[in-house]
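Keeping their order, the protein sequence lines are chains A and B.
Residue numbers are given in the numbering used here: position 50 of the first sequence equals residue 63, and the series is strictly consecutive.
Residue numbers are given in the numbering used here: position 42 of the second sequence equals residue 606, and the series is strictly consecutive.
You may find that some hints are simply not true.
[What the hints assert, rightly or not] Just the calculated beta-carbon pair ranges, DEER-fashion:
(1) B/Ser571 / A/Asp51: 31 to 39 Å
(2) A/Gly29 / B/Lys632: 48 to 56 Å
(3) B/Asn615 / A/Phe23: 21 to 29 Å
(4) A/Met26 / B/Pro634: 44 to 52 Å
(5) B/Pro645 / A/Leu15: 26 to 34 Å
By construction, these hints were calculated from the structure, which means they are not laboratory data.
We put the CB at the ideal spot given by N, CA and C, even for glycine.
The residues making up each chain are set out below.
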Amino acid sequence: ELKVEQNPLFLSMQEGKNYTIYCNYSTTSDRLYWYRQDPGKSLESLFVLLSNGAVKQEGRLMASLDTKARLSTLHITAAVHDLSATYFCNLGRDYGGATNKLIFGTGTLLAVQP
Amino acid sequence: DAGVIQSPRHEVTEMGQEVTLRCKPISGHDYLFWYRQTMMRGLELLIYFNNNVPIDDSGMPEDRFSAKMPNASFSTLKIQPSEPRDSAVYFCASSFTGGLSDTQYFGPGTRLTVL
Numbered sequence: 014e015l016k017v018e019q020n021p022l023f024l025s026m027q028e029g030k031n032y033t034i035y036c037n038y039s040t041t042s043d044r045l046y047w048y049r050q051d052p053g054k055s056l057e058s059l060f061v062l063l064s065n066g067a068v069k070q071e072g073r074l075m076a077s078l079d080t081k082a083r084l085s086t087l088h089i090t091a092a093v094h095d096l097s098a099t100y101f102c103n104l105g106r107d108y109g110g111a112t113n114k115l116i117f118g119t120g121t122l123l124a125v126q127p
Numbered sequence: 565d566a567g568v569i570q571s572p573r574h575e576v577t578e579m580g581q582e583v584t585l586r587c588k589p590i591s592g593h594d595y596l597f598w599y600r601q602t603m604m605r606g607l608e609l610l611i612y613f614n615n616n617v618p619i620d621d622s623g624m625p626e627d628r629f630s631a632k633m634p635n636a637s638f639s640t641l642k643i644q645p646s647e648p649r650d651s652a653v654y655f656c657a658s659s660f661t662g663g664l665s666d667t668q669y670f671g672p673g674t675r676l677t678v679l
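Construct the complete structure from the given sequences, taking the supplied hints into account.
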């Protein structure tokens, strides 16, 4: 059974601090997506990581992918309140395979405190 | 582009009633996905279509749920009869495989409450 696990599930951090969210998955995949969901809102795409070693950065967020370890990280630098949201990882569709990889991680609820 | 459009945004109904949720994907997108989100179960894929054809409906919880995509610009998710445990936010998303990635673009969701 395919599993996509995120940790932590909940993260309360102070403004200005750094932290990392982890996404582990149990099957091979050459790509990984990160999405953000604000409270009561829909999901929006943050990053698309398309190969082993891929690193993407936007503002205070940086995402990376290690396909050999089946691990992606979302690093937060000098957090600000506006980053408070729930963050999800997802493997996307399985190109040509039989496995449905459209499983979202459990989500990490990030609360940035002043 | 207007993005993925869903209607209604909110639906309150009584147990046993039929509920129809609607989705208009982004023009040109060839994949359409229906998800359900609850606190207990998180975000679950119900079904997805490619070029209007259902590809995987293994996430549809039971026969009370059905989905159709009669053309490239419209899809429905129907629940008949509805039950209180169907209360959730239902998201529709679409994606395009012609680019480097197939990022999913989500609609605003329909919040369904079954009394």
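Now for the hints, and whether the structure bears them out:
1. B/Ser571 / A/Asp51: 31 to 39 Å: violated, 21 Å
2. A/Gly29 / B/Lys632: 48 to 56 Å: holds, 50 Å
3. B/Asn615 / A/Phe23: 21 to 29 Å: violated, 40 Å
4. A/Met26 / B/Pro634: 44 to 52 Å: holds, 47 Å
5. B/Pro645 / A/Leu15: 26 to 34 Å: holds, 32 Å
Figure legend: structure checked against the earlier numbered hints; hints not met, in rising order: 1, 3.
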